[in-house]
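S.K.: Here full-length UniProt numbering is used: position 249 in the sequence shown is 249, and no number is missing along the way.
It is worth saying that the hints were derived from the structure and are not from the lab. Misleading hints may appear alongside valid ones.
In the DSSO-like style, the derived pairs of lysine-lysine whose C-alpha atoms are separated by at most 30 Å in a straight line are [what the hints assert, rightly or not]: (1) LYS192 <-> LYS127; (2) LYS98 <-> LYS67; (3) LYS264 <-> LYS192.
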Amino acid sequence: MPDIKRTVKLVTTQHVMPEEPYMEGGIPTRQWTVAIYLVGPDGDNLDARCYEKATYHLHESFGPRQKQIIKSPPFLIKEKGWGEFDMTIILTPVGAPKGGDQTIQHDLNFQQEQYESTHSVTFRNPKDQLLQVLKESAPANEAVNGATSASKPEKKRQKTNKNVDMEKLAEALPQLAEDDLLQVVQMVHDNKTEDTYTKNDVESESFPSHICHDIHRGQEGNLSLLCLSMMRLTIKSDLDGEFHVDLYTLPDQLIKMLWDFCEKKVDMNSLA
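Just need the whole structure built from these sequences, with the hints factored in.
M.R.: What follows is the structure in structure tokens.
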């Protein structure tokens with residue numbers, strides 16, 4: 001059985017607990033949660049039933065609670081504390097196949113009350129029960145047996161997810177701020193398929209292969225939307241690099257993700 005790819009979404013929430021005493025320096029205690037979902041074919045959140053458990057490895061200051069195992073979707077963990085930190089999450093697929101664990105690094109931060117991050121995961125040669133569960137989140141071009149359909153979709157798709165107006169999406173992208181463009185590049189990088197047309201015209205390391213890490217570290221330089229014509233998006237870095245992507249070659253779930261992202265940043269109703 002061939003490998004199967006899916007996209008995992010982590011949804012993090014946090015808020016100040018005014019009833020809790022403040023730490024030295026006036027630092028508040030916060031309650032935070034992390035939930036784990038699969039991104040469905042239409043970009044919706046699905047229960048990650050393909051996993052039998054999620055193991056959270058928290059900061060050592062949590063003491064006996066540093067390692068926590070959650071065994072049912074959405075694998076919600078709820079904790080409180082005052083500090084930001086990087087955690088490791090190990091996802092164990094149904095049936096616990098040998099060598100099948102998937103490791104995700106998650107940045108717990110308090111910049112927003114709610115934020116999401118997506119991660120591409122691969123199920124190696126899934127069998128039996130796991131394969132059956134994965135069918136629940138299969139995209140349209142994935143064959144029933146889990147393999148990718150032999151007939152590839154057309155590169156230029158004039159129709160896509162029924163909830164997305166491609167013309168409005170094309171109008172919304174140029175209105176995004178610089179930080180938002182960084183997230184667009186990361187989403188494309190993390191969720192593109194073999195049919196996605198992307199091109200890096202790089203004279204520096206503006207858009208390295210590990211761009212998602214560089215985004216967090218602020219190494220990309222300033223970005224701007226250079227042009228958007230014939231559904232081809234070009235983002236230019238002030239470090240003399242350009243990133244190109246053809247919107248019509250993006251998978252439906254990624255188009256829906258971009259649409260949802262733009263809806264949060266741009267007044268879509270004002271667009272023609």
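S.K.: Hints first: check each against the structure and report whether it holds.
M.R.: Hints and how they fare:
1. LYS192 <-> LYS127: holds, 25 Å
2. LYS98 <-> LYS67: With a Cα-Cα distance of about 21 Å, the restraint between LYS98 and LYS67 holds, given a limit of 30 Å.
3. LYS264 <-> LYS192: holds, 22 Å
Figure legend: structure checked against the earlier numbered hints; every hint is met.
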